[in-house]
Structure formats: structure tokens, C-alpha cells
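K.L.:
Sequence:
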Amino acid sequence: MRDFAEKKLSYLMLFLSIAFIIYGAYRHEVDTVLSKAIRICLECVGIG
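Going letter by letter, the sequence shown gives residues 1 to 48 in UniProt numbering.
The hints are simulated quantities; they were obtained by calculation from the structure and are not laboratory data.
All values derive from a computational prediction rather than experimental measurement.
Check the hints yourself; a few may be wrong.
[To be verified] List of simulated lysine to any residue pairs, SDA-like, C-alpha gap at most 20 Å: (1) Lys36 - Gly46; (2) Lys36 - Ile22; (3) Lys8 - Ala19; (4) Lys8 - Phe20; (5) Lys7 - Gly24; (6) Lys36 - Phe20.
Based on the sequences and whatever the hints tell you, model everything.
P.N.:
Written out as C-alpha cells, the structure reads:
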């Protein structure tokens with residue numbers, strides 16, 4: 001029973017993550033996320 005619950009939770013999380021990715025793409029937020037990711041990455045390296 002535990003394996004079934006874990007598998008069910010895994011599929012639920014996978015479905016939710018795909019749904020949120022599609023929702024973000026639908027709202028045209030890809031550019032925003034990419035620019036924030038680049039900014040954070042440059043700050044971690046010490047360039048930004």
C-alpha cells in the first residue's frame with residue numbers, strides 16, 4: 001500500500017509541475033524566469 005501511495009504522490013507532483021510550466025508559458029513568463037535565472041547565476045559567480 002505504501003508503494004502505491006508514493007507512486008500516486010509522484011504522479012501527482014509530476015502532473016502539477018507540468019501544469020504550472022504550461023500555465024507560465026501561457027502567460028508569457030518564460031522571458032522573466034530566464035532573466036531572473038541568469039541574474040541569480042551571475043550573482044553566484046560574482047560577476048553581477
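K.L.:
Does the structure break any of the earlier hints, and which numbers would those be?
P.N.:
5
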